[in-house]
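K.L.:
What follows is each chain in one-letter form.
Protein chains: 2
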Amino acid sequence: MKAIVSVQQVEASAPGLSDNTADLDRLQQALSGTLQDERPLSVPYSCMTTVARGFRDAGFKGYALLNNLEKSRAIVGFSKAKPVVVAAMALDLGTTHLEASLLNLQNGEKIASANLENAQIRFGADILSRIHHATAARRQQKTLAPDFQDVGLDELQATIITCINDLADELAEKAGIPVAEIRALSVSGNTTMAHLFLGVDPFTLCREPYIPLFNRATGIEAGQLNLVISPVAPLFIMPSIGSYFGGDLISGILASGMARSEKTRMLIDVGTNAEVVLGNSEWLIACAGAAGPALEGGVARMGMRAGAGAIEYVAIDPKTFAVEYRTIGDVAPIGLCGSGLIDLVAALYLTQLIDIRGKFRDPAKEKDPERLEFMKKYLQLRNDDFCFVLTATDENDRAEDVVLEQIDLDAMIRSKAAMYAILRTLLNQVGLSFQELEEITVAGAFGRHINPERAITLGMLPDLPLSTYRPIGNSSLQGAELVLLDDEARNECEKIVSSITYLELNVNQEFMIRFSGARFIPHTDPSLFPSVPLFTHSDS
Amino acid sequence: MKAIVSVQQVEASAPGLSDNTADLDRLQQALSGTLQDERPLSVPYSCMTTVARGFRDAGFKGYALLNNLEKSRAIVGFSKAKPVVVAAMALDLGTTHLEASLLNLQNGEKIASANLENAQIRFGADILSRIHHATAARRQQKTLAPDFQDVGLDELQATIITCINDLADELAEKAGIPVAEIRALSVSGNTTMAHLFLGVDPFTLCREPYIPLFNRATGIEAGQLNLVISPVAPLFIMPSIGSYFGGDLISGILASGMARSEKTRMLIDVGTNAEVVLGNSEWLIACAGAAGPALEGGVARMGMRAGAGAIEYVAIDPKTFAVEYRTIGDVAPIGLCGSGLIDLVAALYLTQLIDIRGKFRDPAKEKDPERLEFMKKYLQLRNDDFCFVLTATDENDRAEDVVLEQIDLDAMIRSKAAMYAILRTLLNQVGLSFQELEEITVAGAFGRHINPERAITLGMLPDLPLSTYRPIGNSSLQGAELVLLDDEARNECEKIVSSITYLELNVNQEFMIRFSGARFIPHTDPSLFPSVPLFTHSDS
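Protein chains in written order, with my numbering: chain X, 137 to 676; chain D, 137 to 676.
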């Protein structure tokens, strides 16, 4: 286990007329004698003077900071006293949100956390509109000159660098260290974000056949990107596999531990896309599909990201029809995040306000008087369609109520159908059944907030014992943390990249058939979901 | 033989939905398949976009430019058509003068040359005063803080970078290429100049025990130094061995070929110091001493560097006493350069105007009437000392005559004595005699202009057949050219550095004894110089 930057005690003899070895040669020789590592040692240009002066100032003995990342190890600092803290920053570089942590590489402790909205949003909310902005100038000028400078790309890069610098400043302040003493940075993001971060042309990412310019970027120092952390801080950028399979997912696989597991597991990460990986220490197969928007709050009109004011939990008592909900931060509700949406739709199904197709049932055809009363209270007819007014009470401080419309329900059904179809299709590729999985790891905000039981009710996730499901939180950030701390984690990333097979769903016939079959609650084949009650209505 | 930057033809299959390898991965994979070299391939951050776009623009086949310098080879450019010219700049980074050439790495041809005065001169004419300027701020502020920024050092670096950029612009213009298409730079200079070029603290260079901050600086790209050549151009900085043994001399050893020779040779390079190396392919021993100033024109009051108006050749007929001289550029004389000074002093000895101690003889004691007449014409008594007025004729357009004073003669005798003592001491270290040398290579302006016969007359160089002496011109520049063209030359530099033994003369007793013995013309032991006539005078 070797951190990205490590401390090495070293002592050299002092120079004299009979030993006029240059300061940096002296340091390199003394270190080579101490280290059990055959890689050559170098000193990056930008810290030659500070390292040599530090070494001399300390009387030619003390503690060298070593960048262990590259083939040739670099000496990036020297101090007389043993450093108590060697700080390194891990970053989840999300399309909408950045989440960062500061680790002490000396003991692995997390010493600060921070997060921030991705300010690139002002140039476009999603990946496609950002690529559009990045490449606007060259498309207008119709140039393909290799050295053409894209103004929009520069803007996007400068914006994200500013965000990262703000996060670094905040982390350093919380940790009580100068920001220039952050000694390394690991970045885990999707392929487009990695391109925009490096200011590298994303033009071909979103055009068939969807080719990234790079999957790996090595040997970059923070100073080259105008980052405010130590200019010689090494950057570890999580490798990606393709346009739609980014470093954030490699991070997730790493954090989940599935690539070290003998038994087969599944990893589900829902963002704008649902990304799913199946495998073990021998093999990995992955795919991605558009199952996410409704779940991330991107489709439902009242949808929102998990954040303060988002309804994250909803329950309706099937007997009393009492409605209960909880918002993140316990503040007045302003919308529904993914988990709240799943809870609500599952509850609507279990209380029979919607049918197996996910359509609101007509109160006019309801025979149960209590349900009818409930329907009258919560269902409204707007534009010829029913909708469910969740917050038809006075604790709502929005101008509008939090409402679930039929159009939201339809999107939700498509999303859950896509999710289940993705899981089944992937599993079928290797001839396994859900029951053979050791674990289903659920990453991200989705994993943290959803109740797997409710997702099973909807037929979104397979009907397995709840203990099969393990939420792991922000696995993109966790993977970025792991690579800072451990060279074996860094090597595992390369192993993951080389052992993964990618299944393209857009051209997959089986997926389309399974998708159609999954557009009912819980499924057209209810035997797949024995734990879910089945309701049939004469009006369906 | 592999140039520092080479061209490699490569062809890859085009991407498609079934092969969505990233552009740079595709290029790296195709190149790895073609190259017979196990080193990994990388693409420097600053040219990721241009390389990938160039590759794509060329239809995924064409010619890659490879930086072969580092452990990990870098792809630094891509073009559809085979480049006819791959330009690289070699630079002799002298304390007073810069000399540069532009080579076409495709065929080894020199395509342009340029030279320039070192503009750092305005901060100090010599190395010591420049180090003083570089470190003034920190000495005033009495700080040793490792990250203290020396203003003077920054000025000196910015000045030399501007000079180099001017040279690069001139070379590019002469060659008819954009300056950004200069793909590599090799730099050969003394240890202080290398420190100032990189803006690295030279503080300890001139203080006992005279320790450089670095001897080797690797992995630097031109862009890091604000050079106007290609920002990803690799820099090859000639390694040095110590404060007084710089990369320029490693260059000289390389250019002389002595480190590849089975027979033992000697290399003499006279600048501010006389630097002398003895050895063969098995071993090398070197030393430096203050034999130079008089020879480089730094001591004689009329002394000057070899340049327009410098008297580079003097002859006096021993029978007719007719004086002849020639200036560089055939213009009116303004001073004496090293070769003119040697010629003049040798002629004064052979015409018996000076005695074996190098003292002007008193005309009052002269018995030969023709010599007496000559003495009366050319010798003048100034401040109680005789001096020789070389240009006591009307072609002199200086305000003053070009005059050799007794003080100049004394300095000359010290210099020549030091030179001979250095050569003898060095040779004695390995138990060899001058007669066992295959060759004495004489580098630099000194080697180009002096007549070895006259130097032998003075007892400065050993009395060997003239065919033993080989002038090779600017060997510092030649070495810089060789490392651009050939990886074997680059490896030879490391071999030279590791095989050289340095002999410190300042504390050498033998040298001091030999120095005293050599303070006569030609020597206190005339049998060492059988070819030189010996004159004794009753007045000596």
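Think of the hints as simulated: they come from the structure by calculation, not from any bench.
One should not assume that every hint holds.
Result set (DSSO-like, lysine-lysine): computed pairs, CA atoms no more than 27 Å apart in a straight line [stated by the list, open to error]: (1) D:K399 <-> D:K631; (2) D:K138 <-> X:K278; (3) X:K501 <-> X:K455; (4) X:K278 <-> D:K278; (5) D:K207 <-> X:K631; (6) D:K197 <-> D:K216; (7) X:K207 <-> D:K310; (8) D:K310 <-> D:K246; (9) D:K278 <-> X:K197; (10) X:K455 <-> X:K495; (11) X:K207 <-> D:K246; (12) X:K218 <-> D:K278; (13) D:K207 <-> X:K207; (14) X:K503 <-> X:K513; (15) D:K138 <-> D:K216.
Covered by chain D, per the in silico footprint, the following chain X stretches (three or more residues, Cβ under 8 Å) [to be verified]: (16) 183-193; (17) 332-344; (18) 352-363; (19) 551-558.
None of the values given here were measured: they were computed from a predicted structure.
Each residue gets a CB set at the ideal place from its N, CA and C atoms; glycine is no exception.
K.L.:
Taking the hints in turn, state whether each one holds.
P.N.:
Tested hints:
no., hint, verdict
1, D:K399 <-> D:K631, "17 Å, holds"
2, D:K138 <-> X:K278, "39 Å, violated"
3, X:K501 <-> X:K455, "19 Å, holds"
4, X:K278 <-> D:K278, "58 Å, violated"
5, D:K207 <-> X:K631, "23 Å, holds"
6, D:K197 <-> D:K216, "7 Å, holds"
7, X:K207 <-> D:K310, "40 Å, violated"
8, D:K310 <-> D:K246, "11 Å, holds"
9, D:K278 <-> X:K197, "22 Å, holds"
10, X:K455 <-> X:K495, "21 Å, holds"
11, X:K207 <-> D:K246, "35 Å, violated"
12, X:K218 <-> D:K278, "26 Å, holds"
13, D:K207 <-> X:K207, "8 Å, holds"
14, X:K503 <-> X:K513, "16 Å, holds"
15, D:K138 <-> D:K216, "22 Å, holds"
16, 183-193, "holds (count 9)"
17, 332-344, "holds (count 6)"
18, 352-363, "holds (count 6)"
19, 551-558, "violated (count 0)"
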